[in-house]
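Student: Could you build the full structure based on these sequences and the hints that come with them?
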Amino acid sequence: MDFIVAGFIKAFELLISGDSSTWTAVWATLKVSTCSMLLSIGAGLPCGFLLGYFDFKGKKHLRTILDTMLALPTVFIGLAVYAFISHQGPLGEFGLLFTLTGIAIGQTILAFPIVAALTASTIESIDHDLKLTLVTLGAGKRNIITTCLWEVRFGILAAAVTAYGRVLTEVGISMMVGGNIKYHTRTITTAIALETNKGLFADGIALGLVLIMIAFIVNLSLSFLRKQ
Amino acid sequence: MNKRKIFTSILTIVFTMILAISVQAGSKGLMMATTTSTDNTGLLDYLIPHFEKQTNISLKWTATGTGKALKLGQNCDVDVLLVHAPPAEKKYIANGYGKDRREVMYNDFVIIGPENDPAGIKGKSISDALSAVKNEQAVFMSRGDDSGTNKKEKLLWKNAGIQLPDKEKWYVQTGQGMLATINVAQERNGYTMTDRGTYIKYQSQKDGNAPLKILVEGDSILLNQYSVLTLDPKNCANAKYDLALKFSDWMASQNAQNLIKDFRLLGQKLFIPNAK
Amino acid sequence: MTQTDLAYHLKNIQHYYENTKVLDIDDLKIRKGSITGLLGPNGSGKSTLLKLLAFAQKPTMGSIFYNGRIEFPFSPTVRSKVTLLTQKPYLLKRIVFENIAYGLKIRKETKFLEDQVKKALLTVGLDYQNFAARKWHELSGGEAQRVAMAARLILKPEVLLLDEPIASVDTESAKLIRKASLKARDNWGATLVIASHDLQWLYSISDKQLSIFKGNIFSTGMENIITGPFVKTDEKSLVKKLGDGQIITLKAPTQEVCTAVIRKKNISIALERQPAGGVDNQLSGHIISMLLEKKNGQIMATISINDLSLILRLSPDQISHLDLYPGKKVILQFHSNDVEWI
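Residue numbers (the working numbering), protein chains in the order written: chain C, 1 to 228; chain L, 1 to 276; chain E, 1 to 342.
Take the hints with a grain of salt, since some may be wrong.
Cβ-to-Cβ under 7 Å is the rule here; a few derived chain C residues that face chain E [unchecked claim]:
#1 D127
#2 D129
#3 L130
#4 L132
#5 T133
#6 V135
#7 T136
#8 L137
#9 N143
#10 E151
Some residues of chain E that are not near chain C, with every Cβ distance over 10 Å (derived) [to be verified]:
#11 R185
#12 K208
#13 G245
#14 L314
#15 L332
Stretch-level coverage of chain C by chain L, calculated; a stretch enters the list once three of its residues show a Cβ under 8 Å from a Cβ in chain L [unchecked claim]:
#16 81-88
#17 177-184
Calculated from the structure, these hints are not laboratory results. Quick reminder that beta carbons are idealized off the backbone N, C-alpha and C, glycines included.
Tutor: Dropping the structure here:
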């Protein structure tokens, strides 16, 4: 049991002492997860919007595919991305393996269905009266779309937070694609996996606490934004 | 407006991050795939800064099982390998994936188990010890991950004339790294085979009071040879063959060999240099 | 009436939801600056008609002329001129000020915005100081409806369509909304179409009443609807049995339909039954309400006959002659041939 207590102490030691391997892992985690969250919002928001706003043939099937993608295990995404960006793979020439960019690609694939599905649901949940109200107030098609998006901003924010939480905590993709290279692609989660493998449970717990702190800060600042 | 300020600052942070990522993607240098034992023991953290300083070549590594390391090389995703599975390595070169194989150091494997030794293997030869484990159906942990260590262990069963007890209840395959496997063995009160380096690391974490003790050691078959492998440029044109060769040369140099000899974990030697 | 007198002219409108016909209007004219009351039970097609008039939807078939030109949803010539307030309007998740200013902002008419919002709020009895900065969820139902009304009045629309605007608000809000809607016509000559269950209000404010039943429009105002089940007595007629044993006889329809309409002009009122041989329907009931119609000084009387209520229009002379008042027992008479089937 003492390694749990030791973990707490260690967490503060690592952060306060400015331990470079810890801080580079924290920084790498932040960079890569922020990047992949933004990419997934960039791709997922329009797709989710189209899916939630318009009715078209085959929409149901697309939703089913999207919902299935929600269940994709990270190790599978990691493997698939590896297969593509490996030097033997179709995107091998770009040298993305063992880079944060590679991880970001994988995490974007992980987060995209979350953002798209949640956005689609939020858009679908828009009060039917909203569109009618906007039309009767003289809004054009573009006004309607932007106003609708602004109306569901909290839902979209929630989608982003969910996606961020997912990419922040995933380990399969970071490990498979990033290779857990110290000072480069080692993220907090792969570092935890490593420390656990080394039997250094206290260090693993310390890093876990750091991760929770980051998640906490992110959520806190978002709820602050929401109040604004 | 306050809101706008917050928004701009968030945007700035985000763009910095994206920039940081794209810069990072272009970095040049040698990429190595190696086994968990060299990484987990801290050998590479100790050795590589010397290499980088002396040759001005930057080197990054990813630590995984030997099986995956070889695969990464076969797919040209790395430039050089530091692995420990001689038969597989030789086959690898024969298949045209690897080019030069240079033996650089070794450590040895030991069989560890609980102090009360339920199968009574202490002091026995490795083959007798494994037979005893089998007869007593004592719990035995295997990595089961096709790593160098796992390959070695399978070889030991074969040498003892025992068919791999793959499906036996007492034969537990963890699918995890060495230290994790030792920890599982400790929880289950079982035997396992490990490289000495990892065992020392394990021992140190238990403050010299480790529940699992070394029971079988010293057999010549238990030697664990590490080699540097370069990739065959015919298979991997993109791999940095010249730099890989430099690394291989450096590892075999007197300088590096001395460094390896001096590397100690908790006062104990881990690797014995043996480059020819 | 020349073309330019007309705000709306609907021709051969048919509207379907999925495969159900919800609206069927051959010809409907609405004069500029007029106030039209829209009557009819829930689900009769009132809201659909208002949405079509608001150009929020396109009719499945037919055309809507606005100011003499065929117009469509999102057409720039109508988009900023016609507005609709529904029973449960949607407030944007913003403060009251932004909700009211929204329409002007998208029109990019932001001069004197604050003054205009102030004025609009005042029209619906809300003061700027107290309400402008409130969030959408900090309003009562009645206040929210008044904010929504203000958001429309600020646009000075040519046409103001109101769909049950006071059905779910408190009496004070209802009073203010009624007052504000009249101002729209009086101050800038807006054309109003109002659907409401508040008959007193409708009869007192509107120049003309339309009633809708099952998507059919009666430009003579409210008419009497008799729904089934009917029992077939012979080839030529059907009867409907009322709960108290009275029987209504109706000429059988030529096609497969199930709702009968008896226009109020075909019903006459008496105090005593006529001897047999004249009209074939004589029903006894009680007057339950009498409302004055502002426009023509006539009185709209509602007579309850067991579980059925029928209306007819009476002149003040008739009322004094027969000494009619709510609660009085009367006999309604109409001929079975005067039925219309829809």
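Student: Would you check whether T136 of chain C satisfies its interface hint, that is, whether its CB is within less than 7 Å of any CB in chain E?
Tutor: 4 Å, holds
Student: So, D129 of chain C near chain E? Judge it on the closest CB pair being under 7 Å.
Tutor: Nearest chain E Cβ about 4 Å off; hint holds.
Student: Counting residues of the segment 81-88 of chain C whose CB is closer than 8 Å to a CB in chain L, do you get three or more?
Tutor: holds (count 3)
Student: Please verify that hint: L132 of chain C, Cβ, nearest Cβ of chain E, below 7 Å or not.
Tutor: 5 Å, holds
Student: N143 of chain C was flagged as interface toward chain E. Is the shortest Cβ-Cβ separation under 7 Å?
Tutor: Hint holds; N143 of chain C Cβ to chain E Cβ min 5 Å, cut 7 Å.
Student: If we take the beta carbon of K208 of chain E, is the closest beta carbon in chain C still more than 10 Å away?
Tutor: 23 Å, holds
Student: Does the CB of D127 of chain C sit less than 7 Å away from some CB of chain E?
Tutor: Because about 5 Å separates D127 of chain C from the closest Cβ in chain E, which is inside the 7 Å limit, the hint holds.
Student: Does the nearest C-beta of chain E fall within a distance shorter than 7 Å of the C-beta of L130 of chain C?
Tutor: Hint holds; L130 of chain C Cβ to chain E Cβ min 5 Å, cut 7 Å.
Student: Looking at L314 of chain E again, its CB stays over 10 Å from all of chain C?
Tutor: 38 Å, holds
Student: Checking the smallest CB distance to chain C, is G245 of chain E really beyond 10 Å?
Tutor: Per Cβ check, G245 of chain E is outside 10 Å of chain C; nearest 46 Å; holds.
Student: Going by Cβ atoms only, is T133 of chain C closer than 7 Å to chain E?
Tutor: Where the cut-off is 7 Å and the nearest Cβ of chain E is about 4 Å from T133 of chain C, the hint holds.
Student: Against chain C, does L332 of chain E hold up as non-interface, every C-beta pair farther apart than 10 Å?
Tutor: Holds: least Cβ distance 41 Å, greater than 10 Å.
Comparing the model with each earlier hint shows no violations; every hint is respected.
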